[in-house]
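Spelled out from the first residue to the last, the chains are:
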Amino acid sequence: MYLSVDRLKKFTFRPALMLFVLFSTGAIADPSQRWQLNMSPGVTELGQKIYDLHMAVTIICCVIALFVFIPLTIIIVKHRKSTGKQAATWHENLFFELSWTIIPFFILGFMAYPSTMTLIEAYDTSDSDIDILVTGYQWKWKYEYLGKDGKNFSFMSNLSTPRDVIYGDPTERENYLLEVDEPLLIPVNQKTRFLVTAADVIHAWWVPDLAVKKDATPGYINEAYTIPTKTGTYRGQCAELCGKDHGFMPIVVKVVEQAEFDAWVEEKSKAVDLSPKTFDELMALGKDLYATNCAACHGVNGEGIAGAFPGLKGSPIAVGDMTGHLDIVVNGKPGTAMAAYGSQLDALKLAAIITYERNAWGNNAGDSVQATDVLNYMNGGAK
Amino acid sequence: MGEHHGPEKGIKRWLLATNHKDIGTMYLWFSFAMFLIGGAFAMIIRAELFQPGMQLVEPDFFNQMTTLHGLVMVFGAIMPSFVGLANWMIPMMIGAPDMALPRMNNLSFWLLPFAFAVLLSSLFMEGGAPNFGWTFYAPLSTTYGPPSTTFFIFGVHIMGASSIMGSINIIATVMNLRAPGMTYMKMPLFVWTWVITAFLLIAVMPVLAGAVTMMLMDIHFGTSFFSAAGGGDPVLFQHIFWFFGHPEVYIIILPAFGVVSEIIPTFARKPLFGYASMVYATASIAFLSFIVWAHHMYTTGMPLAGELYFMYATMLIAVPTGVKVFNWVATMYDGALTFETPMLFCLGFLFLFTMGGFTGLMLSIAPADFQYHDTYFVVAHFHYVMVAGAIFSMTAAVYYWLPKWCGRMYNETLGKAQFWISFIGFNLTFFPQHFVGLAGMPRRIPDYALQFADFNMMSSIGAFIYGGSQLFFLYNVIATIRSGEKVSDDKVWEGANGLEWTVPTPAPFHTFSTPPEVK
Numbered sequence: 001m002y003l004s005v006d007r008l009k010k011f012t013f014r015p016a017l018m019l020f021v022l023f024s025t026g027a028i029a030d031p032s033q034r035w036q037l038n039m040s041p042g043v044t045e046l047g048q049k050i051y052d053l054h055m056a057v058t059i060i061c062c063v064i065a066l067f068v069f070i071p072l073t074i075i076i077v078k079h080r081k082s083t084g085k086q087a088a089t090w091h092e093n094l095f096f097e098l099s100w101t102i103i104p105f106f107i108l109g110f111m112a113y114p115s116t117m118t119l120i121e122a123y124d125t126s127d128s129d130i131d132i133l134v135t136g137y138q139w140k141w142k143y144e145y146l147g148k149d150g151k152n153f154s155f156m157s158n159l160s161t162p163r164d165v166i167y168g169d170p171t172e173r174e175n176y177l178l179e180v181d182e183p184l185l186i187p188v189n190q191k192t193r194f195l196v197t198a199a200d201v202i203h204a205w206w207v208p209d210l211a212v213k214k215d216a217t218p219g220y221i222n223e224a225y226t227i228p229t230k231t232g233t234y235r236g237q238c239a240e241l242c243g244k245d246h247g248f249m250p251i252v253v254k255v256v257e258q259a260e261f262d263a264w265v266e267e268k269s270k271a272v273d274l275s276p277k278t279f280d281e282l283m284a285l286g287k288d289l290y291a292t293n294c295a296a297c298h299g300v301n302g303e304g305i306a307g308a309f310p311g312l313k314g315s316p317i318a319v320g321d322m323t324g325h326l327d328i329v330v331n332g333k334p335g336t337a338m339a340a341y342g343s344q345l346d347a348l349k350l351a352a353i354i355t356y357e358r359n360a361w362g363n364n365a366g367d368s369v370q371a372t373d374v375l376n377y378m379n380g381g382a383k
Numbered sequence: 384m385g386e387h388h389g390p391e392k393g394i395k396r397w398l399l400a401t402n403h404k405d406i407g408t409m410y411l412w413f414s415f416a417m418f419l420i421g422g423a424f425a426m427i428i429r430a431e432l433f434q435p436g437m438q439l440v441e442p443d444f445f446n447q448m449t450t451l452h453g454l455v456m457v458f459g460a461i462m463p464s465f466v467g468l469a470n471w472m473i474p475m476m477i478g479a480p481d482m483a484l485p486r487m488n489n490l491s492f493w494l495l496p497f498a499f500a501v502l503l504s505s506l507f508m509e510g511g512a513p514n515f516g517w518t519f520y521a522p523l524s525t526t527y528g529p530p531s532t533t534f535f536i537f538g539v540h541i542m543g544a545s546s547i548m549g550s551i552n553i554i555a556t557v558m559n560l561r562a563p564g565m566t567y568m569k570m571p572l573f574v575w576t577w578v579i580t581a582f583l584l585i586a587v588m589p590v591l592a593g594a595v596t597m598m599l600m601d602i603h604f605g606t607s608f609f610s611a612a613g614g615g616d617p618v619l620f621q622h623i624f625w626f627f628g629h630p631e632v633y634i635i636i637l638p639a640f641g642v643v644s645e646i647i648p649t650f651a652r653k654p655l656f657g658y659a660s661m662v663y664a665t666a667s668i669a670f671l672s673f674i675v676w677a678h679h680m681y682t683t684g685m686p687l688a689g690e691l692y693f694m695y696a697t698m699l700i701a702v703p704t705g706v707k708v709f710n711w712v713a714t715m716y717d718g719a720l721t722f723e724t725p726m727l728f729c730l731g732f733l734f735l736f737t738m739g740g741f742t743g744l745m746l747s748i749a750p751a752d753f754q755y756h757d758t759y760f761v762v763a764h765f766h767y768v769m770v771a772g773a774i775f776s777m778t779a780a781v782y783y784w785l786p787k788w789c790g791r792m793y794n795e796t797l798g799k800a801q802f803w804i805s806f807i808g809f810n811l812t813f814f815p816q817h818f819v820g821l822a823g824m825p826r827r828i829p830d831y832a833l834q835f836a837d838f839n840m841m842s843s844i845g846a847f848i849y850g851g852s853q854l855f856f857l858y859n860v861i862a863t864i865r866s867g868e869k870v871s872d873d874k875v876w877e878g879a880n881g882l883e884w885t886v887p888t889p890a891p892f893h894t895f896s897t898p899p900e901v902k
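From first to last, the protein sequence lines stand for chains A and B.
The numbering used here applies: residue 1 is where the first sequence begins, and numbers increase by one.
The numbering used here applies: residue 384 is where the second sequence begins, and numbers increase by one.
Don't take each hint at face value.
What the hints assert, rightly or not - Computed list of lysine-lysine pairs in DSS-like fashion (alpha-carbon distance at most 25 Å, straight line):
id, chain 1, residue 1, chain 2, residue 2
1, B, K799, A, K85
2, A, K49, A, K287
3, A, K313, A, K151
4, A, K81, B, K799
5, A, K230, A, K270
6, A, K142, A, K49
7, A, K85, B, K874
8, A, K268, A, K49
9, A, K78, B, K799
10, A, K287, A, K349
11, A, K349, A, K313
12, A, K81, B, K874
13, B, K869, B, K799
14, A, K254, A, K270
15, A, K230, A, K191
Hints listed in this document are in silico derivations from the structure and should not be mistaken for laboratory results.
This is chain A alone, in the form it adopts within the complex (with noise of 0.2 Å):
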């Protein structure tokens, strides 16, 4: 039902260059992670220690498969009957039985005790420096910086692949899904702790470099931690099958320097920008915001999608009063996928979305809304 005569064009035409892309040197990735086979230990003590842990597993799975293997290969081309071979009749063997039971024990046993010594590493949250509100949105994240020292603001990472390359042609394109309109950063050789908690859904925060994945529970704060040892930009996605856009909500982290890190926080904090901005500004701006935020339910043209999430194109709410487009907006619809944007983003950007679903696409209500009517708004006009 989903498939077009274009698509399946597509389709057809484009894997004869992927498969002479797979077997030339020709770059559709990075040569280095192109035929990664292994997981990577990555920049932290205890991601080390996992890698370890993974190899040394891996390592004696391997050793046991040589013992089970190389006997079963030579019974399968000494013992045939066309060999001329008589089939024995006996069975059992106390020895064996008794050996193959217990040597396992003390194989287990010697994979037991790093396994728990890690998984208590992994596990002490304690004497963090820096803490972290991670909250999973259908198919967003949003970071809230808990600073001890009072300083606290937050801000949404949307991915920032276009949807045109995603549906076009995404081989050019360097760090395809895995890039976000703003990432977080974090100190290095700082222990950063991850409170992990999820507003609709169940998602999962997962940086495979920072060795953390931990599940985010909407009702439920769990913690993670990392220390990373290098700068740098390490990438994940979201681990739990979150709805539509699982696959489309990456999580990018850059570890840098304090300094950098402290200007970074000196500037996030400043307050939100109230001025008003003119028409032409909030459309523009609009545009973009509602490219990252709401295109992904709504349509890039507001058409919604059939059956699922109603298209906003000439609605009754997008072109009727503003005080129920701003209660949508701000407090969104319970019970369904519309999330309450008024705790995700701030004013100025609600202004800027609302005037833009008021006047683009042929809509026509040919109002806009500034910065100071949101919070108007959301003081006294929210429940």
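Model the placement of chain B on the given structure of chain A, informed by the hints.
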């Protein structure tokens, strides 16, 4: 011997069937049809994942495909296929004239087509089919689920009822209808594994029914079992689901163990190495399966003590599983092996299931699982266990007993060709998935970052090969039934042992109207 009327004519033979062979046949064909449908869903998944970017389907439809692929394969293909096998073989293996409860047997089969009609019809409903994964975690499946979720719940209820009835029937048959002299410790291993499986089913299907009923209440009656906003608990759902879900994987694999334990001795021409230890190992695995469920939930933020307990308990499963693998190898040692198609599939099982066991052991290590969890590494692991475990052994079973069922021999060349194509296609599909998983590709995503492109393309090519090999299988089975070479030998296979090989070939409509004497 009393005079028996034959089967009814026409459609009534099937609608009103009470004969275990007819019902078994219907189960087997139904499960094969479901296997092809579930396989078609997998082909759509692999086609979309063939290259990066969205080409064929929308993300929401992709999620519907992963969900239905899982549900149809687990509940529609694998489980009913083994119930079909149980129906055909258990009475013949224990010298019983039929199943103990033939009318209930009819009902438990005929519920299934309706259950799956309800489930699959959701594809055509507004808002689409269930799209929350076969694990249907709340609140994605409750507050945020599509309207068709209610039909999904109804379908799960019906298939659960069918499974429970099927299990009661198997237990009643084995407890009451064994031939004189057939003590429990003389039963063929396939019967043993099925009895244990039936107890698992009776224990956990009601738990699944409870989970979906709570979902129904949350969706329609304003309760908040799984909604944090109403004081409920989304993690509770996972505990309930996996209390069902973990034994479920053994429900799928234990009958497969039984099949392999029948076939390997036949083609090794040597008795099973350790019958008793196999029975005890099966029982231990079944017991352990009840106390390890939260190893699917290592990243939910369980307390350290819980995490440690579930890790140790899960690691223990390696012991009885190892006992089984060593037993099969020891059975073949000093035998006189031949490599007919059923044996090839059993050897494929032995190699690949063991690999799935190793990755299972790796996944049991909680801190390492923090990196494996919900990646393609897990997808690779459970397909090694489900496909190379359950499906390979089921294919082996069909080739092994088909001559007894229809009195005709399958085409050995075609069978062997199917094995090698399946084996290569399967490994090409799933082996690279270990790599992309370790490299960081999450599961259940419709599109991926560029560094995963090469292995995903290999995976897709492998999947098309593996999928195509199943059409080969379908052709071979139909060709055998219609025009295979006739077999008249009761025993069919030189090394075969057991009561089912003492009845005429093809097996007549009624067998063992007078019970045989087992020494």
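Now for the hints, and whether the structure bears them out:
no.: 1; hint: B/K799 - A/K85; verdict: holds (23 Å)
no.: 2; hint: A/K49 - A/K287; verdict: violated (46 Å)
no.: 3; hint: A/K313 - A/K151; verdict: violated (40 Å)
no.: 4; hint: A/K81 - B/K799; verdict: holds (18 Å)
no.: 5; hint: A/K230 - A/K270; verdict: violated (28 Å)
no.: 6; hint: A/K142 - A/K49; verdict: violated (29 Å)
no.: 7; hint: A/K85 - B/K874; verdict: holds (21 Å)
no.: 8; hint: A/K268 - A/K49; verdict: violated (35 Å)
no.: 9; hint: A/K78 - B/K799; verdict: holds (21 Å)
no.: 10; hint: A/K287 - A/K349; verdict: holds (10 Å)
no.: 11; hint: A/K349 - A/K313; verdict: holds (20 Å)
no.: 12; hint: A/K81 - B/K874; verdict: holds (18 Å)
no.: 13; hint: B/K869 - B/K799; verdict: holds (19 Å)
no.: 14; hint: A/K254 - A/K270; verdict: holds (21 Å)
no.: 15; hint: A/K230 - A/K191; verdict: holds (13 Å)
Checked against the numbered hints given earlier, the structure breaks hints 2, 3, 5, 6, 8 and satisfies all the rest.
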